[in-house]
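K.L.:
The chain contents come next:
Protein chains: 4
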Amino acid sequence: MSTFGTNFRVTTYGESHCLSVGCIVDGCPPGMALTESDIQPQMTRRRPGQSAITTPRNEKDKVEIQSGTEFGITLGTPIGMRVMNENQRKQDYGNQTMDLYPRPSHADWTYLEKYGVKASSGGGRSSARETIGRVAAGAIAEKYLREAYGIEIVAFTTSIGNEFLFPPTPEHPSCATNPEYLKLIDTISRAKVDEFLPVRCPDEAVSKRMEDLVASYKEKEDSIGGTVTCVIRNCPTGLGEPCFDKLEATLAHAMLSIPATKGFEIGSGFGGTQIPGSIHNDPYIKAPATPAGATPSGHPSVQRPRLTTKTNNSGGIQGGISNGAPIYFTVAFKPPATIGQAQATATYDAGEGVLEAKGRHDPCVVPRAIPIVEAMAALVIIDAVLAQSSRAAARSLLPPLKGVVPIHGKAEAL
Amino acid sequence: MSTFGTNFRVTTYGESHCLSVGCIVDGCPPGMALTESDIQPQMTRRRPGQSAITTPRNEKDKVEIQSGTEFGITLGTPIGMRVMNENQRKQDYGNQTMDLYPRPSHADWTYLEKYGVKASSGGGRSSARETIGRVAAGAIAEKYLREAYGIEIVAFTTSIGNEFLFPPTPEHPSCATNPEYLKLIDTISRAKVDEFLPVRCPDEAVSKRMEDLVASYKEKEDSIGGTVTCVIRNCPTGLGEPCFDKLEATLAHAMLSIPATKGFEIGSGFGGTQIPGSIHNDPYIKAPATPAGATPSGHPSVQRPRLTTKTNNSGGIQGGISNGAPIYFTVAFKPPATIGQAQATATYDAGEGVLEAKGRHDPCVVPRAIPIVEAMAALVIIDAVLAQSSRAAARSLLPPLKGVVPIHGKAEAL
Amino acid sequence: MSTFGTNFRVTTYGESHCLSVGCIVDGCPPGMALTESDIQPQMTRRRPGQSAITTPRNEKDKVEIQSGTEFGITLGTPIGMRVMNENQRKQDYGNQTMDLYPRPSHADWTYLEKYGVKASSGGGRSSARETIGRVAAGAIAEKYLREAYGIEIVAFTTSIGNEFLFPPTPEHPSCATNPEYLKLIDTISRAKVDEFLPVRCPDEAVSKRMEDLVASYKEKEDSIGGTVTCVIRNCPTGLGEPCFDKLEATLAHAMLSIPATKGFEIGSGFGGTQIPGSIHNDPYIKAPATPAGATPSGHPSVQRPRLTTKTNNSGGIQGGISNGAPIYFTVAFKPPATIGQAQATATYDAGEGVLEAKGRHDPCVVPRAIPIVEAMAALVIIDAVLAQSSRAAARSLLPPLKGVVPIHGKAEAL
Amino acid sequence: MSTFGTNFRVTTYGESHCLSVGCIVDGCPPGMALTESDIQPQMTRRRPGQSAITTPRNEKDKVEIQSGTEFGITLGTPIGMRVMNENQRKQDYGNQTMDLYPRPSHADWTYLEKYGVKASSGGGRSSARETIGRVAAGAIAEKYLREAYGIEIVAFTTSIGNEFLFPPTPEHPSCATNPEYLKLIDTISRAKVDEFLPVRCPDEAVSKRMEDLVASYKEKEDSIGGTVTCVIRNCPTGLGEPCFDKLEATLAHAMLSIPATKGFEIGSGFGGTQIPGSIHNDPYIKAPATPAGATPSGHPSVQRPRLTTKTNNSGGIQGGISNGAPIYFTVAFKPPATIGQAQATATYDAGEGVLEAKGRHDPCVVPRAIPIVEAMAALVIIDAVLAQSSRAAARSLLPPLKGVVPIHGKAEAL
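Chains as they are written, first to last, in the working numbering: chain A, 1 to 414; chain B, 1001 to 1414; chain C, 2001 to 2414; chain D, 3001 to 3414.
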């Protein structure tokens, strides 16, 4: 099904060649200022063909809100959104390449096996165009998280091919133990990331090497993959459900649902498997005092926790539940399947042949994936925030427990 | 919420010190032979303290079916299952270590932040004991998948610390391109894996090195992580929903919901980001003919597809949908948080101190995680199988399309 | 949330004064012929101002399919649908009646209490306009049910005020025991119902009396309620889930979700509480042979059951599961809350006053509710059909049970 | 599926002849005092064979909490509950009546059609024993609603056969317009209801007539139906979701999921269709001041609304959302299908025959259904309360709207 989330629920529709793509966002809190101008920037960041000199006012992929707001205020009812497809013409069928061959590592063949009907675009909903609805919904979620909690979500490129922002070393098999990395995690902003267009890797030298690498693959009519790291700062504690819906599990679900992804790691990740527990464990320390009125939302109900951790190998999540430290994770993207080179493969009826794709192809999807990663992160977090605020609100109405559940040796109601 | 799956839905209950742990399995197909003896073996494989000489009849963690079967046949109604806790005594509160300190990288503190109530066991449901219900449910799912489709699910240890079964090399940044690895994926069995107890890594030399490594961490009262790879063979094509519930997304969700996991990768995974598209793409070839009657279920309705892929960097999934090739993925497990070494950390009320845990601790959870990975894989696959069989059954009742949706130039109903 | 169904899932959006209303239909079986012309007729039947002489080509409320089909064939992907709102102008706020008074028995006040934001239309999503998305989705569901199973769904007016098509009598406290009623249930068609516009009660004399009654309320600037009965014929057996999602429970849910409904009864209903069990029980009889090829879908997989019931007080459902007999139920609609008469009531800030609504008001919603009742019935049935076909398909792949579950004394696999 | 609710989610298991019946309650707010003694009273009220002289300590159907509490406090984690079956012996198959005949108006035949497997008890989960899990879960929900909001839920018998507590009259086609009825709704308590055992109709004369009527059916080896009315007092405003999950829709779903139900009506119900809008509309009046500290939970966050309605034909719900007035509804129960009289019917293989059931049969289920109705009402309300508290909590964190959404002519933030 094409639905994500329980409390903040997004349902998307649309494929490459239909009339429009879009989504319905159900469960958006009422009373929030919201217009298309809150949504368009991320739509534009997602568009192909961007560079440092891209004009900021890109009229393509223009989102139209259909419902759920009045006078620029959310009503709490479903928000319909729509973006027209420019190329609405369905492909005519005929003796064309796309009709003969399922493209290798595309979804053409698996869609046909699944549905028994071949869309003219081949893989139908597996098109990158489907992600438009996600980015639009994510922008709404982000706005709420920012206004209510001051949550910041920033993604950036951490590797392309074998060019890494933080290459693994014997000392740091995971960059989670590298203080430089943690400092970056704590401070990186979207504005900073976009200074490094087109690759969006916030380091001048590495960014240049990545750009060159992508160019070399483009020249060879080949493609290459990479990784995106995303950080979520200022999350309240208590997000995530124990057991099946741990916060890292829903983040992994969200990220692996993005086209072309092959992996996900939270905190110390795969490298963390090589670090001894004595180093990997994150000891607790007293949290620094928050200046009065520091809460971005200005609401005293958003309290900062008493403790934080000295290190952050956990990536802000312990036992599936957020601990208030920055949440960070990395997502792997494969090399795009569409390449200009000829490929020996089989036709739908199992005949041997050679497929040659024509036209412009994007040799690396990583930079454009960044707003999509941010959008999916926002959808996960807002869903968890609404679940937890329901639980906290429910508990707050119960009579206080008297001396039954002590901590640190004293009989103290929690 | 503690529920997993839509069509085959598992709800678990229980924490360390309560009366029992268990689950309800809803949506199990009716008419399948099922008794406790189908479930117990995986329960036993999950138990601590196993080795090659473990007696096969372990009376601990004995599962009792409460409902949903009669005369050893599933009725199609919910199957309740229960396993008694041996240590039902709740901890008395007092001036104990567990009351003073949230254990670093455990769930003690995040649970308290989430629920405002401290369970005597600290992290409540984050206990490894919670996985009992998953393994029981997974065993039922597996039986169905085996009987109806001949699906085989096998997990094994691929690394502990820096000891790898297939270390990454410049030639093979992902082992997905290594023919030796693919051969292992195609042939490995549970019986073979269990020949290599206690570490369950199917290579004598590597297994020995891993065992030594674990022993060295045990001696230091420290701990270490590792990775588990799991393969699912004989999956039908068409599993997985496009968009949010891609098959790799639900697998990632399932795996990251297992306690102590830090990462997931499907097919070529993180290493695959370094492989050019021209190599990474999996070309199609004609599938080898299946011998008559080869379908394990003996039902002609389970057909093998016409095409397969020459390589399998996709890990059996393209565009979020299974293509019939073996599905394989790897899961990262962190070093266990409970270590014997003293740790400088803070108390609940932010005082500084040193926490010393006593008792026997497992220095590496990887070998025991194997049946849990297999169980969660089975739960994902059965849910996808039931969704897809509903779709296929629904389509089969429609009047055939006449010449509308052609493939390879001919007007042919699909 | 604005979502209905699990396997065939409809999500709607839109209120009175926004840009458009519409829905996303997810889970429609692939490979079905579908264009706007399949959907428009029910949209048109739902429009106000219809009579026997209404032109068949009503250009208002024109539905546009956004996605999910190509060349008039469903792809199996989400179907987006949109209907423009004509009056998109939001009401300016000011010292107007609607700003001062919550209208009695409307949703103005409860919406404000719920969301803390007042939509210009008062009750926002409680508008009858919201039902457009339901009718569009229902038309798609109906087409599938008709093509695959030959299912027919027909609703008609059974009472307006105290004018009844079958008034309760001491002999028949429920019309379920009246053979005349059962004969109507078995034969009524939509074409027949629409012969009796505007009231849609298929009896000339009663229809005339109802029309006069409505006219008398219109004259008094008052309003009146009534009941709609709906029959679903040719349903397969086995629909409905035991326990919480019994078929009558999901039908009741669907019907009470239609604006202005106050009650639901299945089969003998409330009157059935007065009938002794010895009469109320439906004895089994051998089902009449179905002529070869009689299945409308032409698919032999849709088999008619061996037994049927002699009477049908159960309304086609026993133990929450369909038994193959016609399913019929009745829905109560209250008198419309908008009346021309002056009403003494309170303002939002609890001041006393008199509210006078101006303009044209519909004195009875019953006739227009008919396509909405049919749509919601179709959504319930298709969801149940897809759930049951998944179960049946899953079971069919298991090895046959040998002599374990006998019926009538013989060891016979079922 | 056997799951009810989204935020407070109940999953039940068990049929007549298995080891135990029970449920898992997921989403119970943490920090609430809870032991078996909070649950047992409703379990006992549900048991057969009760009368005014029933001993209060009935040891049958004893519930055991398995998990989710410690030291009598809820942890917020899933609460497993179990009740042993006394008759765990599955029926042997043989040439018995139950093997030959599907019992008329039972679920024997529909279950067989659905699952293809015959449970020894015939209709498997359709057994009244399945309701045990509901009552246990409902008791937990009720406790929360009472402690946090002072909500009271009371059900009572309003008719058996043609004996009515409030028979419909020309003046009052619905008792909703009868002030006597509304007074009863406002004041009735469970203690009062149980004074009128065995029928639980709170009027001495009517109760006596009902008792005699039931006795006469018992003598004839026949059965009879009736209705139960339920009132929910002190509900907060704002409960219920617009569109598909209107509060009356989820109540209807819940009630029609109880075995043997045939109808549901909210507020004025079916009778209300005969009342003109000018009488049926509920005008607003200023709500009476609540005495300081009157909120049972003692929490100032539970505020009483500013307005209430003068009449209550709406049954406390407008536009699908609670308005703070008492919510009341009526549920129809059919005559039990099990009767002692011989019935001419067909065997499973369509042979003609006569079925004679032996043993003790309950001629009327209405009185025992009362705690089940209350339990299901509690499950609906707690789910809606948690959804709404999440929404309200989410909104409360947003910056206040400035002068954008006015009411009554003034620019006022809501």
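Hints are computed from structural coordinates only; laboratory data are not their basis. Note that this is a predicted model, so its numbers are computed, not measured. Some hints could be false.
Unchecked claim - Derived pair list, reagent style DSS-like, types lysine-lysine, alpha-carbon separation capped at 27 Å: (1) C:K2218 / C:K2060; (2) B:K1060 / A:K310; (3) A:K62 / C:K2062; (4) C:K2310 / D:K3218; (5) C:K2220 / D:K3310; (6) D:K3062 / B:K1062; (7) B:K1310 / A:K220; (8) C:K2310 / D:K3220.
K.L.:
Indicate, hint by hint, whether the structure satisfies it.
P.N.:
Structure-based check of each hint:
no., hint, verdict
1, C:K2218 / C:K2060, "holds, 25 Å"
2, B:K1060 / A:K310, "violated, 40 Å"
3, A:K62 / C:K2062, "holds, 24 Å"
4, C:K2310 / D:K3218, "holds, 25 Å"
5, C:K2220 / D:K3310, "holds, 23 Å"
6, D:K3062 / B:K1062, "holds, 24 Å"
7, B:K1310 / A:K220, "holds, 23 Å"
8, C:K2310 / D:K3220, "holds, 23 Å"
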